[in-house]
Amino acid sequence: LVGERLPYIVTQGAPDATVISCVRSIPDFLADKSLQIHFTYYAHVHILPALRRVTDLLPLTINWRADATSFCFTPGCLTAGGDPWCSSCTEFGSTFRFALASLAREERLQAIARLACSRCQQRSHCDMDHCQNHTCTVKKVGSFLIYCYLFCSCRVFEKGLLSEM
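Counting from 33, one number per residue, gives the positions in the sequence shown under the numbering used here.
Worth double-checking, as some hints may not be accurate.
[Said to hold, decoys possible] Computed beta-carbon distance windows for the label pairs:
{"id": "1", "residue 1": "H76", "residue 2": "A136", "range": "34 to 40 Å"}
{"id": "2", "residue 1": "S66", "residue 2": "P91", "range": "43 to 49 Å"}
{"id": "3", "residue 1": "A82", "residue 2": "Q44", "range": "20 to 26 Å"}
{"id": "4", "residue 1": "V55", "residue 2": "P81", "range": "17 to 23 Å"}
{"id": "5", "residue 1": "I58", "residue 2": "E138", "range": "47 to 53 Å"}
{"id": "6", "residue 1": "P39", "residue 2": "F130", "range": "55 to 61 Å"}
{"id": "7", "residue 1": "H78", "residue 2": "T122", "range": "37 to 43 Å"}
{"id": "8", "residue 1": "V86", "residue 2": "T122", "range": "49 to 55 Å"}
{"id": "9", "residue 1": "F130", "residue 2": "T72", "range": "32 to 38 Å"}
{"id": "10", "residue 1": "P39", "residue 2": "T72", "range": "18 to 24 Å"}
{"id": "11", "residue 1": "A143", "residue 2": "R56", "range": "50 to 56 Å"}
{"id": "12", "residue 1": "Q154", "residue 2": "A82", "range": "32 to 38 Å"}
Rather than coming from a laboratory, the hints here were simulated on the basis of the structure.
Values in this document were obtained by computation on a predicted structure and should not be read as measured data.
The C-beta atom is built at its ideal place from N, Cα and C for all residues, glycine as well.
All chains, full assembly: derive it from the sequences and hints.
Here it is in structure tokens:
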């Protein structure tokens, strides 16, 4: 069996279980309907490293989160929930107005980036899937600038970065 791959499936186990204790043969897994595939194990050990190797070739940063909760849109507020703004932020008028202004600023930045992208592609709309420009400033800095406006309050756009494109 040297160099051979052994067919096995890692199943869900107790919270303190080791990986080897959760390994099952394929016939055992198919016979026991109560067993479930350990999706987190496969995501962390197999899928994410392969995805990281692919994305390392691109000017992207992808961070995988274990939970699907979203956070409050107010900069600096880390309250998780299903609504865009948490109840404490909506109670404070100045904080809520600042959050709305930040959202409007983000939408304006995205519109400027789409305009620069469409001009570069000489199309009527921005189509990032068909962008052939490997030195595209919109691709490289777009998500960073939005992050900065929301969390760092930097003013990169106002300094004329996109006007050079």
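Against the structure, the hints come out as follows:
1. Taking 34 to 40 Å as the suggested C-beta distance range, the pair H76 and A136 conforms, at roughly 38 Å.
2. For the pair S66 and P91, the supplied restraint of 43 to 49 Å holds, since their beta-carbon distance comes to about 45 Å.
3. As the Cβ distance of A82 to Q44 is approximately 22 Å, the hint placing it in 20 to 26 Å holds.
4. Hint check: V55 to P81, Cβ distance near 19 Å, so the stated range 17 to 23 Å holds.
5. A beta carbon spacing of about 48 Å between I58 and E138 agrees with the range 47 to 53 Å that was offered as a hint.
6. Taken as a hint, the range 55 to 61 Å holds for the pair P39 and F130, whose Cβ atoms sit roughly 56 Å apart.
7. At about 42 Å, the CB distance of H78 to T122 agrees with the hint of 37 to 43 Å.
8. V86 and T122 have their C-beta atoms about 40 Å apart, which leaves the hinted 49 to 55 Å range violated.
9. At roughly 37 Å, the beta carbons of F130 and T72 sit within the given window of 32 to 38 Å.
10. Remark: the range hint 18 to 24 Å for P39 to T72 is upheld by a beta-carbon distance near 21 Å.
11. Checked against the hint of 50 to 56 Å, the pair A143 and R56 passes, with Cβ atoms roughly 52 Å apart.
12. Checked against the hint of 32 to 38 Å, the C-beta distance between Q154 and A82 comes to roughly 35 Å, which is consistent with it.
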